[in-house]
Amino acid sequence: MTITAIRGFNDILPGESALWRHIEDEAVKVFSACGFSEIRVPVADRTELFLRSIGETTDIVEKEMYTFTDRHGDSLTLRPEGTAPVVRAYVEHKLYTSPVTKLFYAGPMFRYERPQKGRYRQFYQIGAEVLGDESPRADAETIGMLVELFRRLDVSGITLHINSLGCAECRPGYKSRLKIFLQGVKERLCENCQRRMDANPLRALDCKSPKCIEATENAPRITEHLCQPCNVHFERVKHGLAGLNIAPNINPRMVRGLDYYSKTTFEITAEESLGSQNAIAAGGRYDGLVSDLGGPATPCFGFAIGMERLAIVIKDKGFQERPLAAFIALGAAAEKKGIELLKLWRGAGLRITEDFSEAPLKKRMKRVDQIGASFAVILGEDEIKEGVVSLKDLKTAEQEKVKWENVVQRVFKVK
RNA sequence: GUGGGCGUAGCUCAACGGUUAGAGCACUGGACUGUGACUCCGGGGGCUGGGGGUUCGAAUCCCCUCGUCCACCCCA
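Its first residue numbered 44, the first sequence is counted upward by one per residue in the numbering used here.
Incorrect hints may have been included.
With a Cα cut of at most 27 Å, we get these calculated DSS-like pairs of lysine-lysine [said to hold, decoys possible]: (1) K456 with K438; (2) K456 with K428; (3) K229 with K251; (4) K380 with K428; (5) K222 with K106; (6) K409 with K386; (7) K456 with K380; (8) K406 with K380; (9) K106 with K160; (10) K406 with K438; (11) K444 with K428; (12) K254 with K229.
Everything labelled a hint here was simulated from the structure, so no lab data went into it.
Given the sequences, and given the hints that come with them, work out the whole structure.
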């Protein structure tokens, strides 16, 4: 048997990688324009980091982490998400000495789940974090930045869902209120929700089981039990979004899977071809995490985009790599001249490869066609004498002689 | 972790339990020694995912296993 990739770990082949590169390039442009800088954190961190940040009773920690013991006996975990390592780095390097720090990251995350459409064990996220800003405008503007990125990537049919989960002041009170309500309808809840009712009652609101949706129809809503500061914050976030012409869908039932969220949480869904895995980005505020991890009290807001899901949603939008030309030298003199010419053309921005085979021209034409070149650039004895190449458009079969210095503009003209 | 669909050539798929497992596309040689993609003629390709069983005989039926896709749980 030949060796195959690990289950849930995928190769991104050239046809698709061009789109990925495009997404990443656009994200960097948009984030950078908003004042974010890149941070690169390791793919592995101490297991304890994730236990303390994500929460010990979450599904991620309970059953989805790639955890192993290294040769030294330390328990390490492949990062299941990006915020925890970023905050760890923020605290470790004391970046909080700056009043506000805006960071973005991109890279693979790891969760041990059954693969399905838009979900893999190694998956890629692009995320951004605003550390040290408590303003509701930070929430709104950061969501706005994300919406702008999706607009530029030509993602259509997206919906923004937002909610507020309250804070350390008001959430406990709501939680016990909800627990009392759930006790009353306990028999009508699904097994799962009955089991986690005490540890994590909020999850019952997010359950997709029709039983639970029906049973919790009249459950108290968190948005009606926020403390004054949280309520004001939430109102200002909504106001800020309105100022950006973004109409959110207020969803008081939305609960996120990580324990560190407080106040604003949000999710952006795409209706297109994703089935139930339709969240392409999500995030929220986590005002308590930095101090939980040993730093000073630091309000933060962030999000992560799921690359695979985003790629699915924009896949059919016709993004393509720049056209490629192929150089064919006929004879030793042409090969030598080619070294100089290729340098000239490539320096001017042309994508051009060379066919190194010594086969008859017929076969070489076929080869360059097969590798996907749009143009054949032929240099033989006649052309050298005239200071030209024979430039053939492989789509239209039109061929003409073009002066060496005009090759690049001639190719760009056709595109 | 639970449930379902599917595994035959590089790809998309055929083949009633019965000759030597086929076709299209792709690849490759030639017709055609400075012109691909069109046309014509030829060629290579397969432990039918793997293992076991039933049978005179298995790609086909049964069991196990692996892989994959989809859904659930949950999440980006």
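Problem - Given hint K428 paired with K444 - CA-CA distance at most 27 Å - result: holds (12 Å)
Practice task
Verify the proposed pairing of K380 with K428, using a straight-line Cα cut of 27 Å.
Solution key: holds (12 Å)
Handout entry: Given hint K386 paired with K409 - CA-CA distance at most 27 Å
Key = Distance of about 24 Å is within 27 Å: holds.
Problem - Straight-line alpha-carbon gap K106 to K160, limit 27 Å - result: holds (20 Å)
Practice task
For the pair we were handed, K456 and K428, check the Cα-Cα distance against 27 Å.
Solution key: holds (25 Å)
Problem - Restraint check for K229 with K251, where alpha carbons must lie at most 27 Å apart - result: holds (16 Å)
Exercise for the section: Sort out whether K106 lies within 27 Å of K222, counting only the CA atoms. Expected result: The given pair, whose Cα atoms are some 25 Å apart, holds under the 27 Å limit.
Exercise for the section: Verify the proposed pairing of K456 with K380, using a straight-line Cα cut of 27 Å. Expected result: With Cα atoms ~24 Å apart, K456 and K380 stay inside 27 Å; holds.
Problem - Given hint K438 paired with K456 - CA-CA distance at most 27 Å - result: Holds, because 14 Å separates the two Cα atoms, which is no more than 27 Å.
Handout entry: Hint consistency between K406 and K380 [alpha-carbon to alpha-carbon, up to 27 Å]
Key = holds (22 Å)
Handout entry: Distance restraint between K406 and K438, which requires alpha-carbon spacing of 27 Å or less
Key = holds (17 Å)
Practice task
For the pair supplied as a hint, K254 and K229, confirm whether the alpha-carbon distance does not exceed 27 Å.
Solution key: Cα-Cα ~11 Å, so holds.
When each numbered hint is compared with the structure, no violation occurs for any of them.
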